[in-house]
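*Asks:* Build the full structure now, drawing on both the sequences and the hints.
Listed here are the chains, written in short residue letters.
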Amino acid sequence: MSGVAAALAIARKDLRSELRSKEATNAAVSFALVILLILSFAFEPTGEETHAIAGGLLWIVFAFSGTLILNRTFARELQNDALEALIAAPVPGWALFLGKAVSSMAMMLVVELVSLPVFAIFYGVTLVWTVIPVILLGTWALVVVGVAFSALTVNVQLREVMLPLLIYPTLVPALIASMVLTGNLLDGQTFSGDNITWLRLLVGFDIIYTALAVSLIDIVLVG
Amino acid sequence: MVAVDHVWKYFGDFPALRDVSLTVPRGACLALLGRNGAGKTTLLRILAGFSKPAKGTVTVAGAAPRDLAARAKVGYLGHGIAVWDELSAEENLRVFATLYGVDRAAIPVWLERVGLLRVREGLAREFSRGMRQRLAIARAFLHEPELLVLDEPFTSLDDRAIALLQNLLRDARARGASVIMSTHQLREALELASDVVLLKNGRVAHAGTRTQEMLDDPSWLYVRYGEG
Numbered sequence: 001m002s003g004v005a006a007a008l009a010i011a012r013k014d015l016r017s018e019l020r021s022k023e024a025t026n027a028a029v030s031f032a033l034v035i036l037l038i039l040s041f042a043f044e045p046t047g048e049e050t051h052a053i054a055g056g057l058l059w060i061v062f063a064f065s066g067t068l069i070l071n072r073t074f075a076r077e078l079q080n081d082a083l084e085a086l087i088a089a090p091v092p093g094w095a096l097f098l099g100k101a102v103s104s105m106a107m108m109l110v111v112e113l114v115s116l117p118v119f120a121i122f123y124g125v126t127l128v129w130t131v132i133p134v135i136l137l138g139t140w141a142l143v144v145v146g147v148a149f150s151a152l153t154v155n156v157q158l159r160e161v162m163l164p165l166l167i168y169p170t171l172v173p174a175l176i177a178s179m180v181l182t183g184n185l186l187d188g189q190t191f192s193g194d195n196i197t198w199l200r201l202l203v204g205f206d207i208i209y210t211a212l213a214v215s216l217i218d219i220v221l222v223g
Numbered sequence: 001m002v003a004v005d006h007v008w009k010y011f012g013d014f015p016a017l018r019d020v021s022l023t024v025p026r027g028a029c030l031a032l033l034g035r036n037g038a039g040k041t042t043l044l045r046i047l048a049g050f051s052k053p054a055k056g057t058v059t060v061a062g063a064a065p066r067d068l069a070a071r072a073k074v075g076y077l078g079h080g081i082a083v084w085d086e087l088s089a090e091e092n093l094r095v096f097a098t099l100y101g102v103d104r105a106a107i108p109v110w111l112e113r114v115g116l117l118r119v120r121e122g123l124a125r126e127f128s129r130g131m132r133q134r135l136a137i138a139r140a141f142l143h144e145p146e147l148l149v150l151d152e153p154f155t156s157l158d159d160r161a162i163a164l165l166q167n168l169l170r171d172a173r174a175r176g177a178s179v180i181m182s183t184h185q186l187r188e189a190l191e192l193a194s195d196v197v198l199l200k201n202g203r204v205a206h207a208g209t210r211t212q213e214m215l216d217d218p219s220w221l222y223v224r225y226g227e228g
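Those protein sequence lines, which keep their order, are chains U and Z. Read the first sequence against our numbering and you will find it ends at 223, with the numbers running on by one and no gaps. Read the second sequence against our numbering and you will find it ends at 228, with the numbers running on by one and no gaps.
It is worth saying that the hints were derived from the structure and are not from the lab. Note that beta-carbon positions come from the ideal geometry of N, C-alpha and C, so glycine has one too. Hints may contain errors.
Quick look at which bits of chain U chain Z covers, simulated, 3 or more residues with Cβ under 8 Å [what the hints assert, rightly or not]:
1. 77–84
2. 90–98
Computed beta-carbon distance windows for the label pairs [as the list claims (entries may be wrong)]:
3. U:ILE219 <-> Z:GLU121: 37 to 43 Å
4. Z:ARG129 <-> U:TYR168: 38 to 44 Å
5. U:LEU212 <-> Z:GLY115: 44 to 50 Å
6. U:ILE53 <-> Z:PHE14: 52 to 58 Å
7. U:ALA106 <-> Z:TYR10: 39 to 45 Å
Derived contacts from chain U toward chain Z, CB cut-off under 8 Å, selection only [stated by the list, open to error]:
8. LYS13
9. ARG20
10. ILE87
11. VAL222
*Replies:* Structure below.
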């Protein structure tokens with residue numbers, strides 16, 4: 001059978017389960033809104049300095065709330081030992097990874113879709129369409145690294161603590177690129193000059209880590 | 001169908017399997033016996049492709065257990081039921097039908113066989129324990145595997161599920177499938193088994209065909225090898 005069909009079946013299965021339980025997305029949306037609210041107390045929403053760090057604030061919210069979703073990516077398969085059934089199925093590792101990545105990406109985009117207008121209102125920022133590719137590329141970076149480490153930590157007792165400790169240092173280049181690009185684009189800049197370099201860095205990160213995760217997932221899960 | 005050749009498996013320094021060799025021909029039913037910690041689950045997990053041996057080789061249908069071709073031919077029923085609580089019975093089987101490339105027409109057939117067709121749209125989490133176990137059985141048999149790897153399949157099954165599983169295993173053998181099962185329920189296992197392997201401290205203590213004396217006294221093998 002085609003690996004793509006298997007990946008889609010796994011993604012559909014995860015999204016259907018999440019749609020019914022809403023356990024990860026409800027927690028992540030609530031967490032994102034709470035961070036946005038708390039940070040709005042810490043920084044003067046209309047201040048120029050706040051505008052300068054808006055990109056950073058936004059990606060801190062995305063990264064922190066996203067971890068709640070990524071933690072559940074493989075952990076949801078522990079119930080009833082469903083992970084064993086997935087590992088035993090004749091599905092290539094890349095298809096399992098892709099299915100998990102697609103469902104996590106969809107859940108994270110939902111959280112970001114709710115957070116963005118709240119962020120714009122709280123911080124007096126005008127959203128621009130050009131940030132969409134940056135959000136997609138930055139979110140994919142979070143997803144790729146997060147899903148890979150979620151598989152690695154699935155049987156670790158303190159995985160809720162381990163996952164952020166592992167993914168944030170790994171994500172530093174992608175997060176810096178996303179923060180700088182988002183800040184610059186919200187400031188009215190276009191994709192030119194340094195912004196192109198940051199965009200290349202983000203694309204390169206996504207390609208390299210996707211290739212690494214896809215090729216290593218089987219070893220991570222089975223050894 | 002299955003060949004295990006001089007397999008060793010360690011957990012840290014502890015050898016859970018020590019130089020284990022056995023073969024399971026097509027259509028055979030092997031009862032894998034042994035006390036807790038004898039290495040039964042470790043061996044079954046290697047056969048199902050969940051872990052790899054430290055030394056030795058294992059082939060399932062002529063391929064390594066992790067090969068996609070081998071995995072497509074294996075049905076695994078472990079300690080967990082391995083179904084998703086938030087999906088209905090039908091949705092659960094639909095996922096596995098896609099993963100194993102099985103025609104969806106087989107789904108209602110299997111739901112009927114395990115007595116869940118009437119509640120096919122009910123969520124697995126709303127099912128009773130027995131219904132969930134029967135859904136797990138349907139999941140393991142859905143792709144009509146050539147090899148069934150069953151780890152303690154009768155443990156905590158209700159009477160109806162035990163009878164169902166025994167019938168399905170007989171049907172599977174009749175169409176040429178092989179079965180390897182570990183169990184502590186000796187009578188149920190020995191009634192089905194054609195061959196018996198006793199593991200003791202990770203080694204094969206006994207391997208041979210099932211005999212009448214085993215049926216007459218299911219604990220006979222344990223007593224003979226000082227495990228009684």
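*Asks:* Could you run down the list of hints and mark each one as holding or not?
*Replies:* Evaluated hints:
| no. | hint | in the structure |
| --- | --- | --- |
| 1 | 77–84 | holds (count 5) |
| 2 | 90–98 | holds (count 3) |
| 3 | U:ILE219 <-> Z:GLU121: 37 to 43 Å | holds, 39 Å |
| 4 | Z:ARG129 <-> U:TYR168: 38 to 44 Å | holds, 42 Å |
| 5 | U:LEU212 <-> Z:GLY115: 44 to 50 Å | holds, 46 Å |
| 6 | U:ILE53 <-> Z:PHE14: 52 to 58 Å | holds, 54 Å |
| 7 | U:ALA106 <-> Z:TYR10: 39 to 45 Å | holds, 41 Å |
| 8 | LYS13 | holds, 5 Å |
| 9 | ARG20 | holds, 5 Å |
| 10 | ILE87 | holds, 6 Å |
| 11 | VAL222 | holds, 7 Å |
Figure legend: structure checked against the earlier numbered hints; every hint is met.
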